[in-house]
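A.B. asks: Residue numbers (this note's numbering), protein chains in the order written: chain A, 1 to 238; chain B, 1001 to 1309.
No lab work stands behind these hints: they were computed from the structure. In this text the structure is predicted, and so the values were computed from the model without any measurement. Among the hints, erroneous ones may be present.
[What the hints assert, rightly or not] Pairs of lysine to aspartate or glutamate, EDC-like flavour, derived with a Cα cap of 16 Å:
| # | chain 1 | residue 1 | chain 2 | residue 2 |
| --- | --- | --- | --- | --- |
| 1 | A | 21 | A | 9 |
| 2 | A | 55 | A | 28 |
| 3 | A | 157 | A | 28 |
| 4 | A | 175 | A | 211 |
| 5 | A | 55 | B | 1183 |
| 6 | B | 1124 | B | 1224 |
| 7 | A | 232 | A | 211 |
| 8 | A | 21 | A | 211 |
| 9 | B | 1268 | B | 1003 |
| 10 | A | 75 | B | 1193 |
| 11 | A | 75 | B | 1191 |
| 12 | A | 75 | B | 1183 |
[Claimed, not checked] Sample of chain B residues facing chain A (criterion: CB under 10 Å; computed from the structure):
| # | residue |
| --- | --- |
| 13 | 1154 |
| 14 | 1170 |
| 15 | 1287 |
Beta carbons are placed, not taken as given, at the ideal position from N, Cα and C, and that holds for glycine.
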Amino acid sequence: MTALLEVEDLRVAYGKIEAVKGISFTVEAGQVVTLIGTNGAGKTTTLRTLSGLLKPVGGSIRFNGQPLGSVPAHKIVSLGLAHSPEGRHIFPRMTIEENLLLGAFLRKDQDGIQVDVQRAYDLFPILGERRRQAAGTLSGGEQQMLAMGRALMSQPKLLMLDEPSMGLSPIMMQKIMSTIVELRDQGTTILLVEQNAQAALSLADTGHVMEIGRIVLSGTGSDLLTDESVRKAYLGED
Amino acid sequence: MHELPQNLANGLLLGATYGLIAVGYTMVYGIVQLINFAHGEIFMTGGFGALTVYLGLGSGTSMWIALPLMLVGGIVTATVIAVLAERFAYRPLRNAPRLAPLITAIGLSITLQQLVWGFYPKAKSPRVFPSLPGGPFHLGSITFQSADIFVVVAAIASMLFLAYFVQRTRTGRAMQATAQDPDTAKLMGIDTDRVIVIAFILGATFAAVAGVAHGLRYGQVSFDMGFVAGLKAFTAAVLGGIGNIYGAMLGGIVLGVAESLAAGYIEKIPGMSQFGGAAWQDVWAFVILILVLMVRPQGLLGERVADRA
Ligand SMILES: Nc1ncnc2c1ncn2[C@@H]1O[C@H](COP(=O)(O)OP(=O)(O)OP(=O)(O)O)[C@@H](O)[C@H]1O
Ligand SMILES: [Mg+2]
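With the hints as constraints, model all of the structure from the sequences given.
C.D. replies: So this is what it looks like as structure tokens:
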């Protein structure tokens, strides 16, 4: 069986500087896969390349059997790949509801869209309460919820989340992580980028540790959690 | 002060024309952060496109039939030039340093002027533009012409259309999203290249309407008419808050009224007589700009830069 996402020897560069230096991994349907690693490891670069915002200089990406290398960014979401970007990037001067509807920009099924807007409000009730409020006025955690809800509005086959816990209070982080667990248990396939290795590994099926553009270690979430070198480098133990 | 209503009316009409041009500056800037200095020339080519249609129609044609056709001719000319400019001059420089597209725009502005000067028949001096029949009309102490009615109707219709387009249509929402965060707009499935082309087309359309309005009001069009008008419209866009379409129209009107009042009244202020009249009108326009920007750097309706992250 082929995986939903197959990344092979992917290389991405900014000018002459290679930020991703030949990484390979797969995501099976129904799995949660996490990429962890320190600042500047190339995690965001990898996700932005999968979304078509950056063009690879080498290697291949196959999604649902289709090569993505030359598909323009705006066509990728329609293939079933949704991306909640690092730093949330909600549309600040639009309302929460308008933000969610933009997540469904390419969908034509008005009834289905309304059902999914309601589902986002069920997942994050605070968004429903504030639906007519400008998204830029939300707190960081609320904006993160909105970014996730917006990504889900395209009914993705694969949901990519880039550092959903970044800059959040411990309580808000708990809330976001438990939502990811909830989505996982509903069968959503997720590619999760995190600096919070503890949280990410404890909910992921598979994890990959990235360092300066390479995957240096891979394993199941629980194996990596107990791995000596991971504990030292990423879980603050010595 | 019995001429005050007339001065206000003149200022409004002048300002509405500035506003129609300013909308194009502001939309393009709002989306690609490009100051399209050739936009004044798009306005000018709109006027010449309309004139060409008029000349082709034959002298017997009623203006009520000619005017719609002239508008179409002006709009087609202006949009074709704007789309070509976007595709071949600006798009290749999208990721270049900001100075490169700005210099290109200035070059394009000069090129378009020179092309019309050199190749449009008898365009080395101003060419006579037809006028609308009827008028003058009187409203209280205000006198106005048929062309003035055209300006008012065009400005109101354009703003209503724009408000509807931006807020109610799918493409309008795509345009807002692209202006706020282009990369994320792509993640939503928005073809941002297409959105940019549409912004250029809309801007050129309103500029062409303004070009026709200019021709009708002044009875002539000239190859260099886009220079001052473009500069004023750009000022109006900044005054209103660059990136904000309603601000562009408001900025245009504030500027037009301020110019008109300055031309009429400054000289009556004791000790200011030498700064009055039409000669100083442009100076006062920029004084207004500076004063407003000192109090509100973001312009009348602009958002604070921090909100635009
Ligand atoms: N736009 C850019 N231009 C040039 N270099 C860049 C750019 N974006 C990222 N880089 C470089 O590419 C490398 C990988 O960056 P990337 O953002 O992918 O890392 P990351 O793993 O997401 O880090 P973080 O955990 O801090 O978000 C870094 O060295 C970074 O400096
Ligand atoms: Mg990152």
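A.B. asks: The structure should be examined with respect to each hint, and the outcome stated for every one.
C.D. replies: For each hint, the structure was consulted:
1. 21(A) / 9(A): This hinted pair holds, its Cα atoms lying about 8 Å apart.
2. 55(A) / 28(A): 23 Å, violated
3. 157(A) / 28(A): Roughly 11 Å separates the two Cα atoms, so the pair holds.
4. 175(A) / 211(A): 28 Å, violated
5. 55(A) / 1183(B): Within the cut-off at roughly 14 Å; holds.
6. 1124(B) / 1224(B): 10 Å, holds
7. 232(A) / 211(A): 14 Å, holds
8. 21(A) / 211(A): Holds, at roughly 10 Å.
9. 1268(B) / 1003(B): Within the cut-off at roughly 13 Å; holds.
10. 75(A) / 1193(B): It holds: about 13 Å lies between the C-alpha atoms, which stays within 16 Å.
11. 75(A) / 1191(B): 8 Å, holds
12. 75(A) / 1183(B): It holds: about 13 Å lies between the C-alpha atoms, which stays within 16 Å.
13. 1154: 28 Å, violated
14. 1170: 8 Å, holds
15. 1287: At 31 Å from the nearest chain A Cβ, residue 1287(B) fails the 10 Å test, so the hint is violated.
Hint check: violations occur at hints 2, 4, 13 and 15; the rest are consistent with the structure.
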